[in-house]
Amino acid sequence: MVETVSRTQKLIAILLSVPLLVLMAAWLMNIDGHRVDLDAILAGMSAAHPLGTDALGRDLLARLAEGLRLSLSVGVVVVCLGSVIGISVGITAAWLGGWVDAVLMRVADIVLSFPGILLAIALAAMLGPGVENLIMALVAVGWVGFSRLARVQVLALKHAPFVEASLAGGSSVRYIAVKHLLPNIAAPLLVEASFGLAAVIIGEAGLSFLGVGVQPPDASLGTMIREGTRLMLVEPLLVVWPGLILFMLVMAVNLLGDRLRDRLDVKSVDSHV
Amino acid sequence: MLGRVCAIRIIQAVPTLLGVATLVFFLLHLVPGDPVDALLGETAMAADREALRKALNLHLPLYEQYGQFLLGLLSGDWGNSIVDGRGVLELIAERLPATAELAAWSLILAVLLALPLGYWAARHAGSTQDFAAMSFSLLGVSIPNFWLGPMLMLLFSVTLGWLPVSGMDAPGSIILPAITLGTALAAILSRMARSSWLEAMSMDAMRTARASGVSEQTIWWRHAARLAAVPVITMFALQLGTVLGGAVITETVFDWPGLGLLTIEAIQRRDYPLVQGCVLIIALFYVIANLLADLLALWLDPRQRHG
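Those protein sequence lines, which keep their order, are chains A and B.
Going by this note's numbering, the final residue of the first sequence carries number 311, and the count climbs one at a time with no gaps.
Going by this note's numbering, the final residue of the second sequence carries number 1158, and the count climbs one at a time with no gaps.
Mixed in with the good hints there might be a few duds.
[Claimed, not checked] Okay, the calculated beta carbon distance ranges per label pair:
hint, chain 1, residue 1, chain 2, residue 2, range
1, A, 209, B, 1154, 36 to 42 Å
2, A, 135, B, 899, 24 to 30 Å
3, A, 84, B, 1009, 21 to 27 Å
4, A, 144, B, 928, 26 to 32 Å
[What the hints assert, rightly or not] Quick look at which bits of chain A chain B covers, simulated, 3 or more residues with Cβ under 8 Å:
hint, stretch
5, 151-163
6, 287-293
What the hints contain is simulated information worked out from the structure, not anything from laboratory work.
Nothing here was measured: the structure is a model prediction, and the numbers come from that model.
Ideal Cβ positions, reconstructed from N, Cα and C, are used throughout, including at glycine.
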């Protein structure tokens, strides 16, 4: 097993190296990814444009870096919001029980009655284009996993001696939730968060690919794949690059989740992209 | 006993379905501002606006709109498309066979790929073969299907010229969409097969069988496979629903004229009643698939009938 772990680490390092290289190169070269240069449409690799240009003569490297930054920031924001909402709902449901639990879990059931990507597409389409709406749609789908996981864990802990002792000692419920419950349920939630991050990164790109997420001229890896697919016959690299970077990033995050799960010995969570 | 438990599960699905319908109803009300403005623009004629408002029931108070919506769903009147005026259910029924065909081939492909891969990985657990198989499966989960599709097209249609680029008329046009949609399913199923096979093999019964001289091959394929099958079959039933979500993207990539493409077309044309209908029908299939998975698990594993 020890050998497998080090192989996994190597694989993660290899996968992350390309996206990191893109980010660093773009930062060092400091090119504006929005500058249209009609004299350099679909130009190949050159010193000025290391990965060439797109159909409007914009620098591909700079746009890849912008798309990557967007993927990562949307991913982190959605996972943070989703986990805070989900964990609060889960703890509340488990702690209060009764009708509160029934209502909250019924809502979770309803959200889970849609294929996640479909609900996100429908919500984003109705709310209209833009990054804020995209984030809202992904959070609306993403909090459920956290809430269910937190609920099950808290139900198991609710009557544990140390929790009852703390209650008997006069601690407030909020104190117990933060000081006793959260640290004890953190491991599976952390694993859920890492798989969730991978799912959100793919989700953002997917929604943008379909035209209901990030809008041009802003760069998202999803919109770049969409534009690249149209020009596939002329310049295949326009679709190869953004997809490759997206894929490497997602696979690295999934591997991290796997490793985290093995390390923390969590059985209840599986990758669910 | 089994019949009673099944009946309870089915009855429990009813409030969920009602919730699903409610959420779909409110989708229309998520449109910022007035949906009529969004559809016709603010400069439209008053008469046109009024007609559309009536067609969408927007002139009624909210609770009446909701009541009409639910009644319509139950009586089979899912409203009409704003774009061409045809019935939403009629449009959906037209596209359903294409999606069913795509889903069926993807699922077949996934099973044919996943079981041998899962077995192979379990048989060589902890070795390089296992690592390779599981890395491959992780690759399948991590590769976005809206990129895998174009890459397959680039290789097999553009460069090699073996298969048609898109549409569903040319022979062999199902192959690339089915691979695109089936890859992630195969990846998930193979991981499931591996872990359940390993878990089954670690049971005392297998040790006993081995000690009483049963051949290794028989233990793997007869004894352990039977136990390992339960979670794998359940997962497969769950995939029946998931595949419909994936179809939305895959059909868009390949211009495959199914339910997924219809959903995206409806979104692009802001054909809200059609969007609602598509989302609802896919969710309906999804709920049924999940229920099926639940019931299958009950049937295959009697332990789950209690508690």
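Right, here's what the structure says about each hint:
{"no.": "1", "hint": "A:209 x B:1154: 36 to 42 Å", "result": "39 Å, holds"}
{"no.": "2", "hint": "A:135 x B:899: 24 to 30 Å", "result": "53 Å, violated"}
{"no.": "3", "hint": "A:84 x B:1009: 21 to 27 Å", "result": "25 Å, holds"}
{"no.": "4", "hint": "A:144 x B:928: 26 to 32 Å", "result": "27 Å, holds"}
{"no.": "5", "hint": "151-163", "result": "holds (count 11)"}
{"no.": "6", "hint": "287-293", "result": "holds (count 4)"}
Hint compliance for this structure: hint 2 is the single one not met.
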